[in-house]
Amino acid sequence: MADTTTRAKVRWGLLDVAVVVFALTPVLWIMSLSFKTPATLTDGKFIPREWTLENYRTIFATDQFVRALVNSIGIALIATTIAVVLGAMAAYAISRLDFPGKRLLIGVSLLIAMFPQVSLVSPLFEIERQLGLFDTWPGLILPYITFALPLAIYTLSAFFKQIPWDLEKAAKMDGATQGQAFRRVIAPLAAPGLFTTAILVFIFCWNDFLFAISLTSTERSRTVPVALSFFTGASQFEDPTGAICAAAVVITVPIILFVLFFQRRIVSGLTSGAVKG
Amino acid sequence: MSINSTPAGADVAAEGTDTRSGGHAAVPAQRDNRRGRAPLSENKRAERRLGWLLCAPAAFVMLAVTAYPILYSVWLSLQRYDLRFPAEREFIGLQNYATVLTNEFWWTAFGVTMLITVVTVAVELVLGMGLALIMHRTLVGRGIVRTSALIPYGIVTVVAAFSWRYAWTPGTGYLANLFSDGAPLTERASSLAIIMLAEIWKTTPFMALLLMAGLALVPEDLLKAASTDGATAWQRFTKVMLPVMKPAILVALLFRTLDAFRVFDNIYVLTSGANETSSVSMIAYNNLIRGLNLGIGSTMSVLIFITVAIIAFVFVKLFGTAAPGSDDGERR
Chain A
28 MADTTTRAKV RWGLLDVAVV VFALTPVLWI MSLSFKTPAT LTDGKFIPRE WTLENYRTIF
88 ATDQFVRALV NSIGIALIAT TIAVVLGAMA AYAISRLDFP GKRLLIGVSL LIAMFPQVSL
148 VSPLFEIERQ LGLFDTWPGL ILPYITFALP LAIYTLSAFF KQIPWDLEKA AKMDGATQGQ
208 AFRRVIAPLA APGLFTTAIL VFIFCWNDFL FAISLTSTER SRTVPVALSF FTGASQFEDP
268 TGAICAAAVV ITVPIILFVL FFQRRIVSGL TSGAVKG
Chain B
362 MSINSTPAGA DVAAEGTDTR SGGHAAVPAQ RDNRRGRAPL SENKRAERRL GWLLCAPAAF
422 VMLAVTAYPI LYSVWLSLQR YDLRFPAERE FIGLQNYATV LTNEFWWTAF GVTMLITVVT
482 VAVELVLGMG LALIMHRTLV GRGIVRTSAL IPYGIVTVVA AFSWRYAWTP GTGYLANLFS
542 DGAPLTERAS SLAIIMLAEI WKTTPFMALL LMAGLALVPE DLLKAASTDG ATAWQRFTKV
602 MLPVMKPAIL VALLFRTLDA FRVFDNIYVL TSGANETSSV SMIAYNNLIR GLNLGIGSTM
662 SVLIFITVAI IAFVFVKLFG TAAPGSDDGE RR
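Going line by line, the protein sequences match chains A and B. Count along the first sequence from 1, add 27, and you get the number used in our numbering. Count along the second sequence from 1, add 361, and you get the number used in our numbering.
Hints should not be assumed to be uniformly reliable.
[As the list claims (entries may be wrong)] Think about it this way: if two alpha-carbon atoms lie no more than 30 angstroms apart in a straight line, the pair counts; the simulated DSS-like pairs of lysine-lysine are:
no. : chain 1 : residue 1 : chain 2 : residue 2
1   : B       : Lys585    : A       : Lys72
2   : A       : Lys188    : B       : Lys405
3   : B       : Lys585    : B       : Lys600
4   : A       : Lys36     : B       : Lys585
5   : B       : Lys585    : B       : Lys678
6   : B       : Lys607    : A       : Lys36
7   : B       : Lys678    : B       : Lys607
Since the hints were derived computationally from the structure, they do not count as laboratory data.
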């Protein structure tokens, strides 16, 4: 018996290793490239022979990258905040209140989750040009909020359903209004769910490329993924590979940190939001 | 949620009609309820008002940024409208549709998109199921596996695409030097294969997570009973797990299919659509931003929208899922 469990453990262990290698190789590869010196960049070796931080110095010295990084962070944070607030309001109503039109709202947000984003690119391009939103932060924040909302609503209503709502009743019995019960009692209990949702929404905004490349035209609001694709050639006289990789690693770091610290939350958020919620 | 699960609502969901009609069907039932309990009505009305109030901002933003533009894009698609020649703007009916639908580049892109969608989703379903089983059942290092599986999910697609591009660039890349002497990203077949590889790497974890949620619903007792009755591991998988997981699998397939159909980032970075590797998203983008042709770009937008709607409809009808039932599932 002990023998079979050991063998089972080894078998699972090997599978684990396969998954880890498969998942991490491309990430390690781009990290490796970012640390290579220009001379060894094209040697095709997986591990750098000579290590350098030069590529990182280069990108942080260029306005192009730093500006894009500021845009990325600013836009993603604002969009995340708004989407989570609006999403929490709607999710609370969906999970707690009885009102006509609830199913309609769920249906609409589901449709939006499946919406082909490229279909919005042409009309938004034209509408935002007319409204003066083209190539501005709000011009990107608006579509991000829209497409993050279904995710936020599903994930949050799944979390809200696990909250002990009797506490709310107790608060109301003690004379609190529905609004007060929400703010004082439920919001603190919902904080972990809100936080998880915020991470998921942030990842979504941080990741977007299609809207960012279509609805911006200058450094004013270009985000890092877009700036990366413009490094090619635009970067003076050098081969931009090292710089692209360094910039790529910089925007990957927050994601890796989120995943390392909040793996459990992200998994539970995604699974509950996506299937049960 | 449970308040709304009137028998009427459940029936509608079971028939696979869309959620909207469910909403309407539920209304009269609730009204009857209310008449019976008159004293509650003041409270109830306040509850409704609060519900609408809380949902209004989210609903407004979602509709303003999607419904209005998609209608506007239908309007634009009926015009000759090239930003380079704005003076020639005029209403031309369905001419743009004729232009696009008789254009071989459009159909090539359509074929490429379909191919990528079908192949990646099929491969991801198999790999994702494997990964879900590993994440769910592994005896050792569950945390490590889950953490590393989340990295492809979280990483910026453009970053991953660059990693794959350099990996396959002759001279620079570890893979290019391993496998071939040519430049794989300059030939059509190998380019498409690499695009699919990049897509599969990036989205298999998401598929796996959706499937894992389904796995969690499989009762452990049932598996044990099957095992006691002498079912092999494969039989337990096909006869016990798969039937229980069916709704989760269909939802995962629907979401991934529609997501795969939007493929853009990987193609943009890996090939820029060279050698006939453009997807429909790529070709629509090119017409709009590079060609500045709003009329044609909008026409493609509308066609893509219609295609996606058809795919979703087929899924819901054909498989009889309450597929948009990511929410219906629980309420039943």
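Evaluated hints:
For the hint pairing Lys585(B) with Lys72(A), the CA-to-CA distance comes to about 49 angstroms; that exceeds 30 angstroms, so the pair is violated. Proposed proximity of Lys188(A) and Lys405(B) is supported: the alpha carbons are some 20 angstroms apart, at most 30 angstroms. Taken as a hint, the Lys585(B) and Lys600(B) pair is honoured in the structure, with Cα atoms around 13 angstroms apart against an allowance of 30 angstroms. As the CA atoms of Lys36(A) and Lys585(B) are separated by approximately 19 angstroms, the hinted pair is consistent with the 30 angstroms bound.
For the suggested pair Lys585(B) and Lys678(B), the alpha carbons sit about 35 angstroms apart, so the restraint of at most 30 angstroms is broken. For the suggested pair Lys607(B) and Lys36(A), the alpha carbons sit about 29 angstroms apart, so the restraint of at most 30 angstroms is met. A threshold of 30 angstroms between alpha carbons decides the hint, and for Lys678(B) with Lys607(B) the separation of about 15 angstroms falls inside it, so the pair holds.
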